[in-house]
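Participant: Here is what each chain is made of, one letter per residue.
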Amino acid sequence: MNSQTNQSMSLANPEGTNLSIKQKTAITFGVLGLFIFLLAIFNTNLPNKALFLISSLGLITLGTILYSNNAYLTKPKGIKNDGVFFKSISSRGTLGWITGIILTSFYIVLYFIPQYLGLASNGLPNTGLIALFDPLSKLLSGNPASQWFVYGTLYTLAILVFGYKFMLKYRHNRYEQLRTASVMFFQLGFAFLIPEFMSRLNQSPNYNLPYYDLKSMWPLNYYLFDSWSINGLLSSGSLGLLMLVFGVISIFVVSPILTYKYGKRWYCSWVCGCGALAETAGDSFRQLSSKKLSAWKLERWLIHTVLVFSVIMTTAMIYTYLGKDSSKFWLTQSTFLTSVGVFLTLVFALVMLFKRKELGKDARYGAYGYFIVIAALFIMHYTGTTDEIFLIKASSLRSAYGLYIGSIFSGVIGTGFYPILGNRVWCRFGCPMAAILGFQQRLFSKFRITTNGGQCISCGNCSTYCEMGIDVRAYAQKGENIVRSSCVGCGVCSAVCPRGVLKLENGTLEDRINSNDILLGNDINLIDLIKS
Amino acid sequence: MRQKLKLNYFMEHIVIIGNGIAGVTAARHIRKLSNKPISIISSETDYFFSRTALMYVYMGHMKFEHTQPYENWFWEKNNLALVNGFVKTIDTNTKTLYFKDGQSLSYDKLIIATGSKPNKYGWPGQDLKGVMGMYHKQDLEQLETYAPNNLVCKRAVIVGGGLIGIELAEMLNSRNIPVTFLVRESSFWNGVLPNAESEMINRHIKNHHIDLRLSSNLKEIISDKNGQVKSIIIEETGEEIPCNVVGLTAGVSPNINFIKSSNIETNKGVLVNKYLETNIPDVYAIGDCAEQRKAIGLRRPVEAVWYTGRMMGETLAQTICGHKTPYNPGHWFNSAKFFDIEYQTYGWVFAKPKENHAHFHWKHKDDTKCITIEYHTISNEFIGINNFGIRMRHEVFNTWLNEKRTMDYVINHLSDANFDPEFYKHYEQDILKAYSNQLQIQTIS
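In order, the protein sequence lines correspond to chains Z and F. For the first sequence, numbering that gives the first Met the number 0 assigns the number 0 to the initial residue and increments by one for each residue that follows. For the second sequence, numbering that gives the first Met the number 0 assigns the number 0 to the initial residue and increments by one for each residue that follows.
Hints are computed from structural coordinates only; laboratory data are not their basis. C-beta: ideal position from N, C-alpha, C; glycine also. Just to be clear, a hint being listed does not mean it is correct.
Stated by the list, open to error - Okay, the calculated bits of chain F under chain Z, using three or more residues with CB under 8 Å as the criterion:
id, stretch
1, 56–63
2, 179–192
3, 278–285
4, 324–331
5, 369–375
6, 416–428
To be verified - List of simulated lysine-lysine pairs, DSSO-like, C-alpha gap at most 30 Å:
id, chain 1, residue 1, chain 2, residue 2
7, F, K99, F, K116
8, Z, K79, F, K351
9, F, K94, F, K259
10, F, K323, F, K362
11, Z, K79, Z, K291
12, F, K99, F, K364
13, F, K31, Z, K296
14, Z, K360, F, K273
15, F, K153, Z, K79
16, F, K424, F, K364
17, Z, K23, Z, K48
18, Z, K79, F, K362
19, F, K224, F, K205
20, Z, K327, Z, K392
21, Z, K21, F, K153
22, F, K273, F, K229
23, Z, K86, F, K424
24, F, K87, F, K153
25, F, K31, Z, K291
26, F, K205, Z, K74
27, F, K229, Z, K477
28, F, K323, F, K351
29, Z, K291, Z, K86
30, Z, K86, F, K108
31, Z, K79, F, K136
32, Z, K477, F, K136
33, Z, K296, F, K76
34, F, K119, Z, K23
35, F, K153, Z, K477
36, F, K424, Z, K74
37, F, K128, F, K229
38, Z, K48, Z, K260
39, Z, K79, F, K205
40, Z, K477, F, K31
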């Protein structure tokens, strides 16, 4: 069937819109800003680093702002998806692939060969790109820059400038605007500035704080319970202890309450840094996520496997951190293992008791996960020494997780592949935090996307623009509410719907999951007949 | 493409002509209720797609495959045989369909769901190259050929101010192709919309730089030497407008030419009774192509609307599977989008209020949001609402219509029906105030 009317390589440009003069100027500014980075990477001796850094960041910001203004403010408010599947960048065209390759290479260099970016070793001064960022790092934390500082700065900048672009694109939609303002705020304050100030505190001998993004919860920040992190927090007085307690409370108290009331969106699309990048810089790629049933199956296996892995890994890390003697510290290895086991059993039993029906066929997979973790606990108990578990070093388990999940999955694939697989690859297939929040959202949350009676025309805009690959239309055309563990509540399905069918809502738990064979609008007797 | 059907010879073979929303809904519901073998015939596309979404393919919001609500494996998995073919004639005596390519297919029960075709009123030049409707997938392909961009198509003229016309204007506008929009009426769609709404849409159309010509009819389409459109002439003024594409969107009518030679009785559409049965036993018609012998309530005998097609499909499936059910749709509802303004309607709002009815109209000062409510002036009963730029809940209005709520009740409870996204500004207080003011004015005068 010939349906390839799009992604034209012909000279007759189907968009019929070439870039305006203003847009070309804006792009020139942005490219000049990036060019300064390139100069720095090639170790050009830039005379005044601070000035060049300010110019490059400034030019990139200015370029994006001018471009966005011209692209959106010149047109009436409304949905701005014209030509998305004709543009090379947003339809896996040449530009898309080039961007993907550049991003992926950047992540590989960043994680595995940071010296290419100019990271110094043995106390020598930084060179290259990293040296360009020294002035800003010294201003904030007093230390020279690291590859992570460069990455953090660029990451934050991307969220801020593309967040601005997103807010203009959706300037008719207050939900989208507030949500974007929120992620911009949390990224700038919590992920970027506060950790830098914390590291300034470390100049005092009383503090030895690890890098800690307060909004980033375990198991997303899988390193929270690493010995260096715990030692650092514990040796930083009451502030450190407070932060550790805050970390634990946010996992077990704050997060369940907020997820119950608002769904996982309170985190995934209002607070989280990964979500923030996906929703801003990644917005142009949301339509590339796969909506196939097979992708959904893969998603459920992968994300829950990562969750099980991260639970076992973290348990192992804490286990080896703890001692055996209860007189030294109340929490010993065996008490800890027992309490993990009891906690998980409790969760498992309660779910099976009260939510068996909602889980349906998935109950079996939940049970698999549960038994694997419990078995791992037993093995840990019988094979565990102070640094070994499962007969291997606990730290190697941790490094494996850090390498394969923390770096390759979340960074190289998760972000590098934005232009190929869509902007939520990590959030959808890998993030263990999303798995936990999703589990809560599916079973204990007031959140759902309501469909509006019989108004759906099955057009498919909602499914196409769902970054999590949910086939929203499949529910909407049956008049069925969307209650899916993966939904991050970005609200775009509701925004792009041309017929006002979808609404994100927090309501009562009863009738949250509904299913209608006959849609509203038909014969009332017929609807009743089908229901009975 | 012919798919093998797991035939069970003890069961009757259901054949559906047309793979649109009506036919496919019928097939899905028959499958839910039974194991009867089902064949769905179409010459338009292999797989079901959402016709209303074709515009988004041209605009680049989606690819064509995104308009297909079911993945391709769905049909075989549910034992629904898809037949690509064009039915030329129906022999109801031998219960056989004859295809254009000479093949044939026999049926036990036949469902005609062939939808509509664009109206052509015999304009000179209406069959020239570059003249097209906007209904079938083939129309989209035509448009892609003749209007790929504003270099090939320097101007397009749209004839007919209805829902498809304005969608076509939006489509062409998305590729920066200048559009002249000829509307026969004195204001856009004012046969359906009350004046204030219709005029708001006029202004919105013009804000999108569409050359809107009201009270203008097409006289003729002029050909160039290659048989392609060169220009059109307006009846009223005699003005000639050079253009490369002409979109004919002056409504649609049932697509039933191939039935005319059979024994099945037709008028504008295939005539059916309230059970959607034609005059021939075991032959049914649903969707756009069906014409009710007796109109249901205030509805028109032929209703070319997505929702009614779906409802007829749902209903007929019951009858076919042994629960004989009349087609008895509930309260009228519909929706559309005019460029950036969404429109929904629940119950009846007429262009001019019916006898003993009145309209209450409220419009926001930004000129993109308004509502009109029709109500009974004596009983104060709520009759229907048109809402533009504000989303409303179908379920709530359906309940209010069932309960025959009064206008006062509805206006005081409007916030219960609001379906706008969270954090949107609400206008219920404004609306209530406007309503109270209007009442005061009425009492004084």
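Participant: Decide, hint by hint, whether the structure agrees.
Facilitator: Evaluation of the provided hints:
1. Counting residues of the stretch 56–63 of chain F whose beta carbon lies closer than 8 Å to any beta carbon of chain Z gives 8, which meets the minimum of three for the stated coverage.
2. For the stretch 179–192 of chain F, the assignment as covered by chain Z is violated, since 0 residues bring a beta-carbon within under 8 Å of that chain's beta-carbons and 3 are needed.
3. Counting residues of the stretch 278–285 of chain F whose beta carbon lies closer than 8 Å to any beta carbon of chain Z gives 0, which falls short of the minimum of three for the stated coverage.
4. For a cut-off of 8 Å, the count of residues in the stretch 324–331 of chain F with a CB near a CB of chain Z stands at 7, and the three-residue condition holds.
5. Beta-carbon proximity to chain Z at under 8 Å applies to 0 residues in the stretch 369–375 of chain F; the threshold of 3 is not reached and the given coverage is violated.
6. Only residues whose beta carbon comes within less than 8 Å of a beta carbon in chain Z count, and the stretch 416–428 of chain F has 7; three or more means the coverage holds.
7. Taking the CA atoms of F:K99 and F:K116, the gap is near 19 Å; set against the 30 Å cutoff, the hint holds.
8. Proposed proximity of Z:K79 and F:K351 is contradicted: the alpha carbons are some 35 Å apart, above 30 Å.
9. In summary, the hint linking F:K94 to F:K259 is supported, as the alpha carbons are separated by about 16 Å, within the 30 Å threshold.
10. With a C-alpha separation of about 46 Å, the suggested pair F:K323 and F:K362 falls outside the 30 Å cut-off, and the hint is violated.
11. Distance hint between Z:K79 and Z:K291 is fulfilled; the C-alpha atoms sit about 25 Å from each other, no more than 30 Å.
12. For the hint linking F:K99 to F:K364, the alpha-carbon distance of about 57 Å lies beyond 30 Å, and the restraint is violated.
13. Restraint check: the Cα-Cα separation between F:K31 and Z:K296 comes to about 24 Å, which is no more than 30 Å; the hinted pair holds.
14. Annotation: proposed proximity of Z:K360 to F:K273 is violated, straight-line Cα distance about 42 Å (limit 30 Å).
15. Distance hint between F:K153 and Z:K79 is fulfilled; the C-alpha atoms sit about 23 Å from each other, no more than 30 Å.
16. Restraint check for F:K424 and F:K364: the C-alpha separation of about 14 Å stays at or below 30 Å, so the hint holds.
17. In summary, the hint linking Z:K23 to Z:K48 is supported, as the alpha carbons are separated by about 27 Å, within the 30 Å threshold.
18. Between the alpha carbons of Z:K79 and F:K362 the distance comes to roughly 25 Å, so the proposed pair stays at or under 30 Å and holds.
19. Between F:K224 and F:K205 the alpha-carbon distance is near 33 Å, which puts this suggested pair outside the 30 Å criterion.
20. Pair hint Z:K327 plus Z:K392 holds up; C-alpha atoms about 24 Å apart against a cutoff of 30 Å.
21. The suggested pairing of Z:K21 with F:K153 holds, with an alpha-carbon distance near 24 Å, which does not exceed 30 Å.
22. Under the criterion of a C-alpha separation no larger than 30 Å, the hint pairing F:K273 with F:K229 is inconsistent with the structure, at around 47 Å.
23. For the hint pairing Z:K86 with F:K424, the CA-to-CA distance comes to about 34 Å; that exceeds 30 Å, so the pair is violated.
24. A threshold of 30 Å between alpha carbons decides the hint, and for F:K87 with F:K153 the separation of about 38 Å lies outside it, so the pair is violated.
25. Note on F:K31 and Z:K291: the hinted pairing holds, with a Cα-Cα distance of about 23 Å set against a maximum of 30 Å.
26. Restraint check for F:K205 and Z:K74: the C-alpha separation of about 13 Å stays at or below 30 Å, so the hint holds.
27. A distance of roughly 46 Å separates the Cα atoms of F:K229 and Z:K477; the hinted pair therefore is violated under the 30 Å criterion.
28. This hinted pair does not check out: F:K323 and F:K351 have alpha carbons roughly 38 Å apart, beyond 30 Å.
29. For the suggested pair Z:K291 and Z:K86, the alpha carbons sit about 23 Å apart, so the restraint of at most 30 Å is met.
30. At most 30 Å may separate the alpha-carbon atoms for a hinted pair to count; Z:K86 and F:K108 exceed this at roughly 47 Å.
31. Using a Cα cut-off of 30 Å, the hinted pair Z:K79 and F:K136 holds, with the two alpha carbons roughly 24 Å apart.
32. Proximity of Z:K477 to F:K136 is assessed by CA-CA distance (about 25 Å); at most 30 Å being required, the pair is judged to hold.
33. With a CA separation close to 17 Å, the supplied pair Z:K296 and F:K76 stays within the 30 Å bound.
34. Among the hinted pairs, F:K119 with Z:K23 is inconsistent with the structure: their alpha-carbon atoms are about 45 Å apart, more than 30 Å.
35. With a CA separation close to 42 Å, the supplied pair F:K153 and Z:K477 exceeds the 30 Å bound.
36. Only pairs whose Cα atoms come within 30 Å are accepted, and F:K424 paired with Z:K74 is accepted, the gap being roughly 22 Å.
37. Distance hint between F:K128 and F:K229 is fulfilled; the C-alpha atoms sit about 10 Å from each other, no more than 30 Å.
38. As the CA atoms of Z:K48 and Z:K260 are separated by approximately 48 Å, the hinted pair breaks the 30 Å bound.
39. Between the alpha carbons of Z:K79 and F:K205 the distance comes to roughly 19 Å, so the proposed pair stays at or under 30 Å and holds.
40. For the proposed pair Z:K477 and F:K31, the alpha carbon gap of about 14 Å is at most 30 Å, so the pair holds.
Of the numbered hints given earlier, the model fails hints 2, 3, 5, 8, 10, 12, 14, 19, 22, 23, 24, 27, 28, 30, 34, 35 and 38; all others are met.
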